[in-house]
Amino acid sequence: MDTHGPVCVGIDPHPALLETWGLTDSPEGLRRFALTVVDALGGRVAALKPQSAFFERHGSAGIAVLEEVLAAARTAGTLTVLDVKRGDIGSTMAGYADAYLRDGAPLAADAITLSPYLGFASLRPALDLARSTGRGVFVLALTSNPEGHHVQHAVAAAGPVARQMVDGARAENDIDAEAPLGSVGLVVGATVGAAAADLGLDLAATRGPLLAPGVGAQGAGPRELVHVFGDARRQVLASTSRGVLAAGPSASALRDALGSAVDSAAAALR
1 MDTHGPVCVG IDPHPALLET WGLTDSPEGL RRFALTVVDA LGGRVAALKP
51 QSAFFERHGS AGIAVLEEVL AAARTAGTLT VLDVKRGDIG STMAGYADAY
101 LRDGAPLAAD AITLSPYLGF ASLRPALDLA RSTGRGVFVL ALTSNPEGHH
151 VQHAVAAAGP VARQMVDGAR AENDIDAEAP LGSVGLVVGA TVGAAAADLG
201 LDLAATRGPL LAPGVGAQGA GPRELVHVFG DARRQVLAST SRGVLAAGPS
251 ASALRDALGS AVDSAAAALR
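In this text, residue positions in the sequence shown follow our numbering: the first is 1, and each later residue adds one.
Just so you know, these hints were derived from the structure itself, not from any lab. Be aware that one or more of the hints could be misleading.
For each label pair, taking beta carbons as the anchor points, the in silico distance ranges come out as [claimed, not checked]: (1) Ser-26 - Asp-128: 25 to 31 angstroms; (2) Arg-223 - Lys-85: 41 to 47 angstroms; (3) Ala-179 - Arg-124: 42 to 48 angstroms; (4) Arg-124 - Pro-249: 25 to 31 angstroms; (5) Ser-252 - Gly-95: 39 to 45 angstroms; (6) Ala-154 - Pro-249: 20 to 26 angstroms; (7) Ser-250 - Thr-75: 21 to 27 angstroms; (8) Glu-67 - Gly-200: 41 to 47 angstroms; (9) Asp-39 - Val-151: 23 to 29 angstroms; (10) Ala-94 - Ala-53: 18 to 24 angstroms; (11) Ile-89 - Gly-43: 16 to 22 angstroms; (12) Gly-104 - Ala-157: 39 to 45 angstroms.
Below are the DMTMM-like pairs computed for lysine to aspartate or glutamate, each with C-alpha atoms no more than 20 angstroms apart in a straight line [to be verified]: (13) Lys-85 - Asp-12; (14) Lys-85 - Glu-67; (15) Lys-85 - Asp-25; (16) Lys-85 - Asp-39; (17) Lys-85 - Asp-2; (18) Lys-85 - Asp-98.
Nothing here was measured: the structure is a model prediction, and the numbers come from that model. Virtual Cβ for every residue (Gly too), placed ideally from N, Cα, C.
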């Protein structure tokens, strides 16, 4: 983030975008799309965020492409956040952790997204493995989909459900305020408005990175980033997908779109 700016670009090869790029909805179209993004933006962006679902829908051939994309990003020296939103219990959660966070795993990424709604403590295998391998996780806290607030804003005996995710991340990081951000971050949508303030969430106190989807095509811009994150804005990694990807397949156009996104986000988050 310090080197390339506070922007993460999603690699979301959904069928409509493949068609816009003149590519077939096939493993080969998927491969050309994703590797074009890596080639154009690798070494120029804080992180790339492949959306696993769009690779999984092509079966084993799609997963093979995802492995290739993660390897290409590593070669380019670019961090990856694999958007898998996994969440389970016991040995199953340990299996997911092993798949994405173990050194040498074919699908190993620098960070993954996790769903904590079987209880924050159910994520323990992933939290521990990420820490031991120097990787990170982003735990869903306040998502931008309209259905999310029915669960995330609900109030239990311990307070709002989303606060439990914030408290869990803060406890995991537990680092000095002058130290770098910890390895346990949160997903907080850039379009959630005043939700964090209304629920009494101290996002800055987590001392972890805040992945903020919804920037660009989903409607969030500098004003929304400031409104949502306030004093925590310097912890934000703003995530955009269509706002940059729609400029492709030209590599120069993708880079120009990235530059515009970085300039806009940096002005709000400084």
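Exercise. If you check each hint against the structure, which ones fail?
Worked result: As far as the earlier hints go, 1, 2, 3, 4, 6, 9, 11, 15, 16 and 17 are violated by this structure, in ascending order.
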